[in-house]
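Participant: The lines below spell out each chain.
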Amino acid sequence: MTGNVGGGTTGGGSPERPRRVYAPDFVTELFRNPLDPGYAEAAARRKARGGESAATRAGGFSARTIVLVAAGFLLAIAYHQTVAAHPQAVQTRNNLVNDVKARQAETDELQKQADDLRDRVSRLRETALAGTDLADLRAQEARVGVARVRGNAAVIRLTDAPTQVDPVTGQASTNLGKVQDRDLQAVCNQLWHDGAEAIAINGQRLTSTSTIRTAGETILVDFRPILSPYEVDAIGPGDLDKRFSGSATGQLFRELVTDYHMQLSVSHRNNVTLPAAADPQLHYATAVSSPSPSRPPSSPASPVPSSSKGR
Amino acid sequence: MMFAVLALIAGVVLGVVFEPSVPLALQPYLPIAVVAALDAVFGGIRARLDGIFDDKQFVISFVSNVLVAALIVYLGDQLGVGSQLSTGVVVVLGVRIFGNVAAIRRRLFRA
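Protein chains in written order, with the numbering used here: chain A, 1 to 311; chain B, 1 to 111.
Isolated chain B, as found in the complex (with noise of 0.2 Å):
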């Protein structure tokens, strides 16, 4: 767990150190791919305190989560309905992420 928190950090401290700029074409789903890998980090810290923690289903479901939340962005944009789309798509991850923290705060608070 410690490790993990250190590996986001020194995620966090490349980010701020390398600064890099995102290409115009790739900005639409930047803010998408974040609530995305989100969900994936909190489903993943919830698994862990319920003792199912798994590497490959993380991986696997913070890489397809990303790509099918940019996959949806750019559908939606492709068909007209982008912005409704994306909406669509916070939603959902926002209840599943509230979801998960309201999970792992009964499990940590007993509250």
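So here's chain A without its partners, still in its complex pose (with noise of 0.2 Å):
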């Protein structure tokens, strides 16, 4: 009964050789015989002592029965088991997601109702404000960042060096190439230095308290993640980009460029609009109630000052 099954592959000759003395290779013993030996021997048993009580039979039988059927449970729990415990982990996750799309579709809405007071703000000071008060505002307004601008900008645009994969490893290795925060910073700054009177970078408007700061792998601007590429627009003088590339801040960017493959490109675009920022909200710093400005409000031309680039 042991020579007939097996793996096929071992062969056949192992019955008419002489028994060695040494171990018998378990491998090679399992693949070819793998039935265990208790099956002929009880069957050889039960030849030697010919057949079997009607007792014996029952009681085999139920027992088998029993077995049998607790197989069965046994593929069923675990079936429910591997089923049941894999839909938590999924339900578990796409509460994660469904949290923060829920979160997001809030703030979203929550923004919008922002803008929509803010239109409404400064719809109701224009009626109440007189003309030349209004202009007054409107300008200052401007000029720190919570009012929307129009006008000819320049437009940097900083992608990410694509990842290179080590052909033999498969591995990443870790992206020079890759924008920093410091390297918008460093462009917003160039950019100021050059006469740029607003700036926004992927659509967020920079105020004079605004923050460029990495948080991980992203970048935030005043807290709000944004994502490569990155476009820093900046309404300036007219040869604004021209001053950008002349610059050491834009030599720079072409050896980023040579050297860790990030990609930069300086355009000019007219007609620009810019949105505005939210308000900044002062908690601990009051307004001094002097008659005097600071600045005379008849300078448009002046550069914002750019003391705080969230360094």
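For the record, the hints were derived by calculation from the structure and aren't laboratory data.
A hint or two may mislead.
[Said to hold, decoys possible] DEER-style ranges, computed between Cβ atoms: (1) B:Q84 - A:N94: 45 to 53 Å; (2) A:A54 - B:I104: 23 to 31 Å; (3) B:F109 - A:I66: 28 to 36 Å; (4) A:A54 - B:Q27: 20 to 28 Å; (5) A:R49 - B:I104: 47 to 55 Å; (6) A:Q113 - B:Q84: 22 to 30 Å; (7) A:R49 - B:P20: 17 to 25 Å; (8) A:S53 - B:P20: 56 to 64 Å; (9) A:N95 - B:R110: 16 to 24 Å.
Backbone N, C-alpha and C fix where the C-beta goes; we use that ideal spot for every residue, glycine too.
Got two chains here, separate frames each, mind docking them using the hints?
Facilitator: Structure follows, in structure tokens:
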């Protein structure tokens, strides 16, 4: 009963061979004869004894039935366990995703509300204020960044270098051409220096209290995450893009492009509208109600100070 | 043979109907126990086809398979090599199941 079964590849030569003393190869034995020898032994015993009593047969039958029911039961439990455990993880994840989406929708809604209210405030102010005061206020707002502005802009577009994958190990090497927060800070500072009057990064307008920071792998502008490609729009003098390209910062970025494959494009675009930033909430500073503003309102070409660019 | 299949199906139905929750402490043993049970069942089917099926042998092989498999996993967990030992048990039982299924296939289809 032992020779005719097995993996087939091990060959059937062993029965003819004389028995050796060394221990049988366990794995080969396993492949050749997977059945417990117990069945064959039991059959031989039964044959020797010659038949069984009816009681033994009935007992065996019920025991066999119980074991088979138990086996089926085990299978069902295991299946249930696997299937039941799986959706739990998926469900948790889905809940989290839904949570995030709901919160995003909520913030969008609130943002829209804030925009609407700001529009209403400015409209009410327009009706309340006289002509020169209004123009004054508008100019001030535009300068600090809480009003929309329009003008000709230089557009600087920075894109992360593509991730280099090692052809041998298939692992991504550290990407040195990834745009960092300090790259954007350098660009903004250079633009302010070159006479920019309003700057927005990926549609996020910068104010005097704006920050450009990194959290983990993401760059945050005013605590809002922005993603590559980064587009810095700066309204300023007509040759702002050329000034930027000619500056030391422009030179530095050209080197980053050649050395680390960061992508950079500097262009000029007419009639760009930059959005308003959210009203900076002042919690600690209060306005000094002096009669004379520190800056004469009749100098619209003066660049906005860039003292706190989030370093 | 027919009755055995019916008993197996009855067990599955029972499991589906009652949907018992497995205690957390027993959960690591469940997959190994299932593989061990499958090994015993396929061994029984093959013995049946060979004409040497024996009730006592079947019952004992089933119970001891499940218990020994659980014991090995338990020991492995205590020794810190639980996953490796589980893999070992699955490989050995898997080879046995394959061998038995191959024998069953040869007997049924002569191929």
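Participant: With reference to the structure, classify each hint as holding or not holding.
Facilitator: Each hint tested on the structure:
One distance hint, 45 to 53 Å for the beta-carbon pair B:Q84 and A:N94, is violated here, with the actual separation near 34 Å. Take A:A54 and B:I104: their Cβ atoms lie about 30 Å apart, and the range 23 to 31 Å holds. About 31 Å separates the C-beta atoms of B:F109 and A:I66, a value consistent with the hinted range of 28 to 36 Å. Roughly 42 Å separates the CB atoms of A:A54 and B:Q27, a value that falls outside the hinted 20 to 28 Å.
Range check, A:R49 to B:I104: about 28 Å between beta-carbon atoms, so the 47 to 55 Å window is missed. In this structure, A:Q113 and B:Q84 break the distance hint of 22 to 30 Å, their C-beta atoms being roughly 59 Å apart. At roughly 41 Å, the beta carbons of A:R49 and B:P20 sit outside the given window of 17 to 25 Å. Between A:S53 and B:P20 the beta carbons are some 37 Å apart, a value that contradicts the proposed interval 56 to 64 Å.
At about 55 Å, the beta-carbon gap between A:N95 and B:R110 misses the expected band of 16 to 24 Å.
In this structure, the hints that do not hold are numbers 1, 4, 5, 6, 7, 8, 9, in rising order.
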